[in-house]
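J.: Take the given structure of chain Y and dock chains V, U, C and W with the ligands to it, following the hints.
Take a look at the letters that make up each chain.
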Amino acid sequence: MDTDIVLAADRIVARYGSIEALHGVSLAIRRGQIVALLGANGAGKSTTLRTLSGLIAASSGSVRFLGEDITRVPAHRLPHRGLVHVPEGRRIFGDMTIRENLDLGSFTLTDDAERRRRLDHVFELFPILAKRHNGDARNLSGGEQQMLAIGRALMAAPKVLLLDEPSMGLAPQLIKEVMNIVQRLNREGVTILLVEQNSKVALKFADYGYVLKGGRIVLEGRGTDLANDDAVVSAYLGGVAA
Amino acid sequence: MSDGASTLSAAAQPPLVRRSFLLWALAALACALALPHFANAYVTEVATTALLYVVLCLGLNIVVGYAGLLDLGYAAFFAVGAYTTGILTSEFGFNFWLTIPVAMAAACLAGIIIGAPTLRLRSDYLAIVTLGFGEIVRIIARNLDITGGASGLVGIERPEILGFKLMQVQHFYYAFLVLALLAVFVCLSVERSRMGRAWFYVRYDEDAAAGIGINRVSAKLQAYMMGAVIASVAGCLYAAKMTAISPESFTFNQSLLILLGVVLGGMGRIPGVVLGAILVALLPEVLRGAGTYRPLVTAVALLAIMLFRPNGLWPDKRG
Amino acid sequence: AEIKIGIVAPMTGQLASEGQDMENAVKMAIDAANAKGGVNGDKITTTTADDACDPQQAVTAGSKLVSEGVTAIVGGYCSGAVLPTLKIYGDAGVPFVIIGANSTKLVAANQGNAFLANSTGDMQATTAVDLFKKNGYKKIAVIDEGDAYSSDLAKLTAEAFKNAGGEIAAKETTTAGEQDYSAVVTKVKSSGADAVFWTAYHAGGALLTKQLRQAGFQGGIVLGDGNNSPEYLEIAGSAGEGVFLLSPPTVDLLSGAADFKAKYKEAYGRDAGAYAALSHDVGDLIVDAIARAKSADQKAIIEALKASDFKGLAGEIKFTDKNTLQTSNFRPVIAKGGKWVADE
Amino acid sequence: MTLDLVIQQLVNGLIVGSFYALIALGYSMVFGVIKLLNFAHGDIYMSGAFVGLIVFSFVGVWVGNGWLGVVCALLVSMLAVGLLGVVIERFAYRPMRNAPRLSILITALGASMVLNGSALALTGGRHFAFNTDLGFAGLDVSAVHITYTQIVLVAASILLMAGMQAFVSRTMYGKAMRAVSIDMGASRLMGIDVDRVIALTFFMGSALAAGGGVMAGAYYGSVHFFMGFIMGLKAFTAAVIGGIGSVPGAMLGGLLLGLLEAYGSSLPFVGSEWRDVFVFGALILFLVFKPTGLLGRSVVERV
Amino acid sequence: MTTMALLEVRDLRLSFGGLKVLQDISFSVEKGAINSLIGPNGAGKTSLFNCLTGFYKPKGGSIRLGGRPITGLPPHRITALGLARTFQNIRLFKEMSVLENAMSGQHCRSRHGIVSAILHLPSQRREEERIRAAGMRWLDFVGIAEHAHRLAGGLSYGDQRRLELARALASTPEIILLDEPAAGLNEREKLDLVHLIRRIRDETGVTVLLIEHDMGLVMQVSEKIVVFDYGQKIADGAPEAVRADPKVIEAYLGTED
Ligand SMILES: Nc1ncnc2c1ncn2[C@@H]1O[C@H](COP(=O)(O)OP(=O)(O)OP(=O)(O)O)[C@@H](O)[C@H]1O
Ligand SMILES: Nc1ncnc2c1ncn2[C@@H]1O[C@H](COP(=O)(O)OP(=O)(O)OP(=O)(O)O)[C@@H](O)[C@H]1O
Ligand SMILES: [Mg+2]
Ligand SMILES: [Mg+2]
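Each protein sequence line maps, in turn, to chains Y, V, U, C and W. Counting from 926, one number per residue, gives the positions in the first sequence under this note's numbering. Counting from 516, one number per residue, gives the positions in the second sequence under this note's numbering. Counting from 3, one number per residue, gives the positions in the third sequence under this note's numbering. Counting from 37, one number per residue, gives the positions in the fourth sequence under this note's numbering. Counting from 18, one number per residue, gives the positions in the fifth sequence under this note's numbering.
Chain Y with its partners taken away, still in its complex shape:
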C-alpha cells in the first residue's frame, strides 16, 4: 500500500433509493495534492464526495482514509479525523450568525484558545466575514456565503478538504480569489479534492484529474495533460473546441 495515499475509494457503488448513481468508482488522492474531479451535470461528482465523507453509505466498495477503513464510519466522526467536506450549495446555517457558523465548524474542538487561533486565520483569509461576524448568515450574498462555507470547513483544521463547486455563482474576481485560497491552503499542507464544472479553472490548479461520466471514472491523468487534450475536453468536459 502506498503510504502517500491519504484518501482512496475502491469500487464504490452508491444509490439514491432504487437509482444507482455510482457504479464502482475508484480513485486515490496523494498527500499534498490538488486533485480535480470533473464531469458533466449529473455525472456523479457530488455523489462521490458524499460517499467519501459518509453522508451517504456506499452500498458496496470501500473508502480508506489515512490508512484506515472508514466505509462504515458515520459522517460526524470524520471532521475530527481531518476529512472535511464543503457541500454543494454551501449549506450554511442561515438563521445563525457568521461567528456561530464558524464556531460550529470546530464543533469537536474543546480547546478554546485553539478555536480562537483558527478563527483569526479564517478572518485573515476572508476579511468580509470578520466585518459581519455578528450578522445572520442568511443575509450574505451568494459569494459571501461561499466564503463562509469554506471558512467554516477550515475551522476543523482539515487534512483533506473536499470542495464541491466552490466557484459556482462567484464573480470572476472572486473565483480567482477562492482558487488562490485553495492553493494557499494546499501550500499550508491541506490535500484537496476539488469538484468543478468549470474544467478550465480546475485543471489549471490540479496536480491530477479524474473524469466521471454516468457514475463511472472514464479518464484520469495529470492535470495539464487532461487540460491540453482538446479531444478530452470536448468529449467529456462539455468544453467547446477553441
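What the hints contain is simulated information worked out from the structure, not anything from laboratory work. One thing to keep in mind: the hints can contain errors.
A few chain V residues facing chain U, derived, Cβ under 7 Å [what the hints assert, rightly or not]:
no. : residue
1   : VAL669
2   : MET757
3   : PRO810
Every residue gets a Cβ at the ideal spot worked out from N, C-alpha and C, and that includes glycine.
T.: This is chains V, U, C and W with the ligands only, laid out in the frame that chain Y set:
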C-alpha cells in the same frame, strides 16, 4: 425534439380516471350499492359513518392535501353545516333541502372571516389559528340559546325526497353514498383544473408560485372555502340523520380524526383519502372487542401503519 | 334459549372509570340471576358497547346492540351521548333503562321505551334548593363544566333558587380536564357568595374544593350527584371536610349494601363507585321485569317496566307516566372525617 | 375589578402561566430541532406526573410527604420520563425523519394516543390523589395571600427555564441543536452527531414536561390519565404565542397565556364560559398582526 | 432615445436594517433589448430583481413597466402585467410533472375557476386545452418536450434551468428577468443558452434582462450592461465601453493575467 404528432397527443387532456382503475371503482361501487341488502343495521350504520368520513376527508384533503394548509379545526365547518340545518329546521321550520344552500353560504362566510386574515401565516401558525377557530365555534355552540346550549338541538326534521321520507339507516346510507360520489366527482374535476393545479403550485413552492403569477392568498382562500363548503354539506346531512346534535360532535378530536383519515390513506390523492377515511371509521369498530384497551390498540395500529407506510397506505406517486 | 342484555356505557375516554363501574355492577346482578337459574328458565348473557360519552360513537354502539338482537339495554351515563340513541332504540322498540344520564331533554325525546332510573335534573335542583335554604345560604355561586349534564343542572338550580327568593352571585363555567381553577375561585370569592354549588363531576369538584379552601373561601360547598366517588374525598383531603353532596344512592349510604360492597371489591379489586349500587339495581330490575313479562317479548317487558314496583339496594324504583322516577333518590350527605355521612 | 382582584388574578395567571411555560418550552425545543409538533408532549407531562406520584408514595415512607419527597419525585421523574422521551423519539420519530411532515405529525398523534391509552389501561381511568403536606403558609400582599409553595413553584420553573436558555445559547451543544434544526446534513459535516443531539433535545424537553407534571400533581393534588390533553393544547398555544422554536419566547408565551386566561375569566359582562373564546380570539388577532409570535424571528424569504 | 423604455427604474432604494442594499438606482431597458446586470457578489443584483418582481418592497423610488407604475405591487400582479422571472437557486415544482410546471405560467393568462371546472363547461375545457398546448409549445421551444411527463425534480440541472425558462415564458411576458441562468452549466451548455436567449428575443420579441457572472456569455449576448457595486450603479453602457471602464475593472473584472 419531439415531432408534431407526439406534441399533440401529449397536449390532449387525460381522461378523468384511467380505464383499468375505472373497472375497480365500478366494482367497488356495485358492492357499495348492494351493501344494505346484505348487512344488518349495525354494519350499515358503520358504513354510513365511513361514508360521512369519506366526504369530510375529501373536503379536508383539498385544504391539506392540495393546498398544503394544516387545518386543525376542520370540524368547525362541519358544525356550521349541522347547526344551520338544525336551527333552521327545528326553530324556523325550513325545509331540509333549503338549509343546504344557506349552510354552504354560512361556511363560505366563516371560511373568509377566518381565512382571509390568517392564510398568509406559516403552516404551524395556521395550525394553531385553525385549532383556535374550531374551539371558538364549539364554545359558541355550547353557550348560545339558539344552538341549544351544551345539550344541543333535538328533534331535527328528517328530509323528504318526492314525498319519500328518509327514515332508516339504509336511507341515510344511500344519501351519504350519493354525497360521497358527488364529492369524489367534484374533487376529480377540480384537481385537474387550473385552480387545482394552482393549489399544488402554492403547496410545493409558494414563492415560485407567486413569481409566475399566482395570487397565493386567493388560491389558499379558495381551497379553504371549498373545503369548508364540503364539510358544511356533510354537516347538514349529518344533522338530519342524527336528529340530535350537540357540541360534543365537533371537538378538536373530531378534527384530528378527519386529518388522520386524510394522511393515513395517502394525502393529496383521492383513492388514498377514501381508503383512509374508511379506515378511520372502521378501525375503532373492528377493535370494539378490545374494551378499555381499544384506544391503545388503535394507537398502536395507527403507529404501525405510519411507520411502515410513511406516505400513507395508498400514496401519491408524486411522493 | 338465551336472553341477551346490552350494556352501553363509556368504557374509554374521560369517564371510563364510571363506565367500568356500571358494567361491573350490572354484570354482578346478571351473574347472580344466572346462578339462581336465570330467568324464565333462560340463561342471561350480556354484551357491552362503548359509547365513550361521544354522541357519534354512541349511535354506532347503539345500532350495534340493536343489530345483535339484544332483548333489552341498560346503561347510559352522559346525557349528550344517550340523546341521539333514543331514536334508534325507540324505532327498534327495545326496552332501555337509563342508569346515570338524567337530563330533562331525555324525557322529551323518549319514545316510550326508555326509563330513567336516576332522578332527573329538576328533582336534584329541588333537593339542592332545599339544602341551601336549610343552611341559610342566600347568595349562591353556581359552577358547571359546560357539558350538557352540568350546565343543565346549573341552569335548573339557578332558576329554582331564584324562584325561591335566593340570589345567584355568580354563574361560572370551567373547562373539563383543566387543573387550575384559581381564576374562577377568585371571582367567586369576590362575588360574596355564601356558598358554591358545583354541578359537574368529582375530578373537577375535588380540585375546586381544594382551591376554594386554599384561597380562604369560608362559605358552604355543595356538590351535585356527579361527585360521589371515593376519589373525591381522597383528593380533596381535609379541604373536603363539611362539604355537602347531593348523592345518588351509593353503597356507603345504603344500609343493605355492605354485602354488595364487599363482593364488588372482591370481584373487581376496586371500590364500588357512585353508580355501582344503582347499576346493580337496574340489572336486577331488568331481570325482574323479564320475569314478570314471562317472556323475552320486548313489548311485554316495556309494560312490565312501566308497572315496576321494585325495591333494590338503592331504594324504590317506580316510574311515573313519563317513565321517570316517582321519588327522588338524591340524598343530601355531608363529608365528616373523610366519609360521607347522612346529613341530619 | 378591584385592585385586590387584579393582583390576585395576576398571581393566578403567573402560576398557571409558569406551568404552561415549562411545558411550552419542551414543545418549542422539540419543534425547533425537528420541526415536529410533538402532540405526545402533553402525555409526557401526564406520564411525568404519574411517575412522580409513584416515586413520591415510595419515598414518602422514609422522608415524609414534605418538600424532600417532592424533590425526590421531581428528580427521578425528570430522569425517567426524559429517557421515555428518548425512547419515543428513537422508535416513533427517528424512522420517520425523511417522511413528509404531516405523516410525522400523525405519528406524533399516534405516540400521544399510545401513552394516553396505556395510562387508561393501567389506571382504569381513575383519579389519584397526590397528597403532600406543603401547607398554606405564605405571605400577604395587600389582601392577597401567596403561599410559599406558589413562590417556590414559580421560582423553580423560572430557574429550570433560565438554565435551559443558558444551555441553548451558551454551550456548543446548544449551538449544535440550532444547527441541526436548520440543516441536518450540513450538521453532520460539522462533526455533529445528529442523532445524539436530537435525543438530547427530547430528553431535555421531556424532562421539563415531567418536572411540570410532578409540580402540577403535587400542587393541585391530583393526577389523571387525561390531564395532559388540555395541557398539551395550552402549551402548543403558548409556544406559538411566544414564537415557536424560541426558548425565551416559550416562557413569555406561557406567562402571557396564563394571564390572558386569568383575566379572561373575569371579563366584565361576559361569563367565564366565554374565556376560551376570548383567549383564542386574542391569539388569532395577535398572530394576524404579529405573524411570527412574540419572539419568533421575522424572516424575509430570500428568493 | 427614440425607442420607448419598457422597464424604467428611478432612484430605487432598498435597505435591510442598517445595510443599504440599493442606493438610488436608475436605469432603463429598451423594448426588445437583451441587457445584463453584473457586479460583485453581494452588490445587490438579486435584490434588485426582487424589488422589480414585488418580492421586496423598496424604500423609495419608482419602477415602471411599459409606462405603468408597478412599485410595491404583489408579485402575482406584476407577473400578470408582463414581467416574468427565473430564480437564482432553481425553484421548480419538483414533485410535479415537467408539463405541469410549464403550464403554471399560463395561470395568469386564464380565468376559469372552481365552479366551471365542476360543471365541466365547454369553455373551460377549451381553456384547459389551450393551457396544455401552450405549455407544450414552450417546452418544445426550450427543447425539453420529450420530458413533458417526467417529474421536474428528476431532470438534469441544465434541463431544470431550461424548464424554469419555459415556465416563465409561458406567462407570455413582455420582459423576462434571468438570475444567473448559466450557473452550473458547462461550456457547451452555456453556448446553447446563448442561442436560446437570442431566440427568445428574436422569435418571440420578449425583452431580456439577465444577471450573470460569466463574462464571456455576458459580452456575447448583451447590447447594454449595467454594473453594480455595493448597491450603487457604477457603470451603464455598451459591452466594450463597460469592459474598458477602470471602475468596473477595479470593482469586478480584475486585471487579466
Ligand atoms: N437526492 C437525490 N435523490 C435522487 N437522485 C439523486 C439525488 N442526488 C443526485 N441524484 C442523481 O444522481 C446522479 C448523480 O448526481 P450528482 O449530484 O452526484 O451529479 P454531479 O456530477 O454532482 O452533477 P452537478 O454538476 O449537476 O452537480 C444524477 O443522476 C442525479 O439525478
Ligand atoms: N432579506 C435580506 N435581509 C438582509 N440582507 C439582505 C437580504 N437580502 C439581501 N441582503 C443583502 O443585500 C446584499 C445584496 O444581496 P444580493 O443577493 O442582491 O446580491 P447579488 O448581487 O445578487 O450577489 P450574488 O452575485 O452573490 O448573488 C448582500 O449583502 C445581502 O447580504
Ligand atoms: Mg454536484
Ligand atoms: Mg444574486
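J.: Checking against the hints above, which ones are violated?
T.: Structure breaks no hint.
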